[in-house]
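Peer 1: Note that the protein sequences, when read in sequence, are chains Y, S, R and B.
The first sequence begins at 1274 in the working numbering and counts up one residue at a time.
The second sequence begins at 1274 in the working numbering and counts up one residue at a time.
The third sequence begins at 1274 in the working numbering and counts up one residue at a time.
The fourth sequence begins at 1274 in the working numbering and counts up one residue at a time.
Simulated from the structure, these hints should not be mistaken for lab results.
The reader is advised that the hints may include incorrect statements.
[To be verified] Below, simulated DSS-like cross-link-like pairs (lysine-lysine); rule was C-alpha separation at most 25 Å, straight line:
hint, chain 1, residue 1, chain 2, residue 2
1, S, LYS1277, S, LYS1293
2, B, LYS1351, S, LYS1351
3, Y, LYS1293, B, LYS1277
4, B, LYS1516, B, LYS1478
5, B, LYS1277, B, LYS1478
6, R, LYS1409, S, LYS1293
7, S, LYS1478, Y, LYS1409
8, S, LYS1409, S, LYS1277
9, B, LYS1277, Y, LYS1326
10, S, LYS1326, R, LYS1457
11, B, LYS1409, R, LYS1330
12, S, LYS1478, S, LYS1277
13, B, LYS1326, R, LYS1409
14, Y, LYS1293, B, LYS1396
15, Y, LYS1329, S, LYS1409
16, S, LYS1396, B, LYS1409
17, B, LYS1277, B, LYS1293
Keep in mind it's a predicted model, so treat the numbers as computed, not measured.
If you want the building blocks of each chain, they are given just below.
There are 4 protein chains.
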Amino acid sequence: MSRKKMDLNCDMGESFGNYKMGNDEEIMRYISSANVACGFHAGDPMVMAHTVKLAKKNGVAVGAHPGFPDLLGFGRRKMEIAPEEARNYILYQVGALKAFVEREGMELQHVWLHGALSSVAAKNEAIARAVIEAIKEIHPELIFVHRPGLASYEIAKALGMNVAVSVGVDLEYGPDGMAVLQRKKRYTDPKEAAKKAIRIAKEGKITATTGEDIEMRAHTILVHGDTPNAVEILREIREEFEKENILVAPLREIL
Amino acid sequence: MSRKKMDLNCDMGESFGNYKMGNDEEIMRYISSANVACGFHAGDPMVMAHTVKLAKKNGVAVGAHPGFPDLLGFGRRKMEIAPEEARNYILYQVGALKAFVEREGMELQHVWLHGALSSVAAKNEAIARAVIEAIKEIHPELIFVHRPGLASYEIAKALGMNVAVSVGVDLEYGPDGMAVLQRKKRYTDPKEAAKKAIRIAKEGKITATTGEDIEMRAHTILVHGDTPNAVEILREIREEFEKENILVAPLREIL
Amino acid sequence: MSRKKMDLNCDMGESFGNYKMGNDEEIMRYISSANVACGFHAGDPMVMAHTVKLAKKNGVAVGAHPGFPDLLGFGRRKMEIAPEEARNYILYQVGALKAFVEREGMELQHVWLHGALSSVAAKNEAIARAVIEAIKEIHPELIFVHRPGLASYEIAKALGMNVAVSVGVDLEYGPDGMAVLQRKKRYTDPKEAAKKAIRIAKEGKITATTGEDIEMRAHTILVHGDTPNAVEILREIREEFEKENILVAPLREIL
Amino acid sequence: MSRKKMDLNCDMGESFGNYKMGNDEEIMRYISSANVACGFHAGDPMVMAHTVKLAKKNGVAVGAHPGFPDLLGFGRRKMEIAPEEARNYILYQVGALKAFVEREGMELQHVWLHGALSSVAAKNEAIARAVIEAIKEIHPELIFVHRPGLASYEIAKALGMNVAVSVGVDLEYGPDGMAVLQRKKRYTDPKEAAKKAIRIAKEGKITATTGEDIEMRAHTILVHGDTPNAVEILREIREEFEKENILVAPLREIL
């Protein structure tokens, strides 16, 4: 019987200029896929270069994490952009990151939309379609990572993309499988998070906020970098996965 | 005996958002290589997408025209950046443009530094080296276009880059082969410009401001988009080249 | 019997860096109030300094025209900002422009929200309230200029602001008094525009798109700078106002 | 005999959007003058509003800390701008901050140039003159704060500005009275810093790097916010000043 595999992902490279954000050096030791900001909502060329090198050093696969052109709002404010704008913002950002990835002899693995761009694409089909077509144009084998149950997820599948489902073990989920979003991330019990992660990996199930079990067939587990004890949670998941014989591997080895 | 060939180039895609700059639609009909702005000193993802499509439609080869991150100063103000910053600004901008070029089924042909970044690289060896290494990392066959006689030109050759020399027929040159830069471009007599262009193509010579003839072995002739009668000059050069049996061809067919 | 007075206004100072927009030099000769961009959606410190000097030279009163922090979208894309963000964006932009106005020995006359910020404030009461409170905090006598019939207009009046109504003679109005917005401004017949302007000034009425007459008590008449023949329209209005003995005067002499 | 007075100042409000920088809440308790970033090299309208309120709550006088339009480089990279650009960048930034200060019922106290703009003005007379004239235009009583011995300092005095000298007790000074600048601030012994501060306050002297005593008649003592133990140093200075009967007071009560 084959060994269970699971990817662990986190947003990385969100610093900008003299502004530091997140504990990338530490977190990169525990994850297998990094979602790297591309200079619109966060990140800059120096940060991108550094983050990609850090990923390489830790054997972590790199994906793009493009967002709205709104550094001031960290890409978390909805902007009413046209589908063509969405398409070209994706091409620009993912293209820029790809240059940093390829000069390290690596291949870009995935794309995950950031913040409000993700929320808009989840509901607006024209935006979702433009975004996904842009990703396909960059490379048809790129993996589109998404939370489950959204329009952009369905469109990506319909357009023949490789789609991966990500579940946050520092989030709670309603009975419809939708995450209950928090404005500010809270401390999460590492043991509980690790238990959730194991159950997702082994059974494809989680317990919803209502107490009932729901199906959650995820390819990757997300720990948010701004969850105060993110490093601790990741370390615990790693240890418990080891005991349970679950292999941590990047998305491209799982899909 | 083989037919003479010459490339004609111009800066393109310098509009931004609702701001229009230059007469790209018209100029693109006469040139063979376009230097496309990459969103730092000018251009944006929408403009880049449009400009690359326009180049394709007109059979024009596309190069990147990266600059300082200074839209407010149009990349014409020197900034004291570190070599590592220069390197990563190049990777970012050229990488972004490459995505737009490749999705059209084209290949990026060349890189030409814009404005003050070009001036800084021309004198600062560490910056020049970082920039040229970055270009090589993106693709070793990319052509580095430059004015003659500068440090960055010598370094590019020493590092084994394909280097092309560009001469502006709407500029004047001193006896040392250095252009006499003008803050504001003036009307240039199209007939004179065409004569200059033909002499460069056939003899590899120009007349310096002092009246003496100097050697000027150029691969490409530049007409500045902000020279008021740029279109007229380009049309005249095209017509005269036709009569003289000089073929207009993109750089990659000349080097 | 007192002579009729009417203000003529136009958006000014929308250039940015090397990008030119609008024909400010010409238009400034015909208007009495200028709505000056403040560096967020358009304009920059050099442009603001120049525009305010130009207004002074032409005896034109200056108002602020603040917008969303979205130069790329020219402030025409809705952004989901919080009321506190709206408040502080107004304070910042209007405060900045005020410095340029006061060093010329002038006083800031009015504030008119630009583009999508105006649209958002027109419907979102919390944003409207924050914006209007910010304007009052800068100076309680500042005039708030607005199209008729909107939430922000009502709130401004409720908060005791001086409110002026602006009507565009290059726009059409529905029977509810709401403008029929056009994405791209069209040529407007100068004679028709002047007739409209005179009727607004003398009778406070316009003919709606349905053919019926509606009340339109305006304090100022707007000609959009991007209407192709804006200068011609303004010149015609000036000439016809002269014949009809209608005095062109800035808002502060009208309210 | 009158009691000795000394101002304590620190750069404040350097956060941007979701990016936090510095420990403003803590430091504001110990200083008497705050140099508040104005949105070009750091700070944004939300941060400015918050920082000014925090200053008011702590009875701290507010000054403007304008810089180059280079958020990416935190205003620490020299840019080759024209004097007119410098003048208008000052008007814009100081004008914007003034709006936040005045709505709190406070008056702007001083202006201190940030980073590379300060370095450029220190050597380039035309820039220095433009900057100082701009400050005077905003308000002739504004205090221009500067390190000693620089061109901009002399020009400010020649133009009749109120000029205050600031000395950093977490820096070392050469025998010419010029600070030995460090790229990265180091831990500074609080007791040593307090001793230095007392000697400056009482004797107007410091010991230079060469061991000799030099004159240093300062009006304000700077502790850099990025010195790792800035809060501890400020607390120690406060305690020692108390013992020595030196009153901490804002610049406007000292000059």
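Peer 1: Does each hint fit the structure? Answer for all of them.
Peer 2: Here is what the structure says about each hint:
Only pairs whose Cα atoms come within 25 Å are accepted, and LYS1277/S paired with LYS1293/S is rejected, the gap being roughly 36 Å. A distance of roughly 8 Å separates the Cα atoms of LYS1351/B and LYS1351/S; the hinted pair therefore holds under the 25 Å criterion. In summary, the hint linking LYS1293/Y to LYS1277/B is not supported, as the alpha carbons are separated by about 40 Å, beyond the 25 Å threshold. Restraint check for LYS1516/B and LYS1478/B: satisfied, since their Cα atoms lie roughly 19 Å apart, inside the 25 Å limit.
Among the hinted pairs, LYS1277/B with LYS1478/B is consistent with the structure: their alpha-carbon atoms are about 15 Å apart, no more than 25 Å. Restraint check for LYS1409/R and LYS1293/S: not satisfied, since their Cα atoms lie roughly 36 Å apart, outside the 25 Å limit. For the given pair, LYS1478/S sits about 48 Å from LYS1409/Y by alpha-carbon distance, which is inconsistent with the 25 Å threshold. Taken as a hint, the LYS1409/S and LYS1277/S pair is broken in the structure, with Cα atoms around 29 Å apart against an allowance of 25 Å.
With a C-alpha separation of about 55 Å, the suggested pair LYS1277/B and LYS1326/Y falls outside the 25 Å cut-off, and the hint is violated. Proximity of LYS1326/S to LYS1457/R is assessed by CA-CA distance (about 24 Å); at most 25 Å being required, the pair is judged to hold. Taking the CA atoms of LYS1409/B and LYS1330/R, the gap is about 22 Å. The hint holds against a cut of 25 Å. Distance check on the hinted pair: LYS1478/S and LYS1277/S sit about 15 Å apart at the alpha-carbon level, within 25 Å; holds.
For a cut-off of 25 Å, the pair hint linking LYS1326/B to LYS1409/R stands: about 18 Å separates their Cα positions. For the hint linking LYS1293/Y to LYS1396/B, the alpha-carbon distance of about 32 Å lies beyond 25 Å, and the restraint is violated. For the hint pairing LYS1329/Y with LYS1409/S, the CA-to-CA distance comes to about 20 Å; that is within 25 Å, so the pair holds. Restraint check for LYS1396/S and LYS1409/B: not satisfied, since their Cα atoms lie roughly 38 Å apart, outside the 25 Å limit.
Of the supplied pair hints, the one linking LYS1277/B and LYS1293/B is violated, its CA atoms being roughly 36 Å apart against a limit of 25 Å.
When held up to the earlier numbered hints, the structure conflicts with 1, 3, 6, 7, 8, 9, 14, 16 and 17 and fits the remainder.
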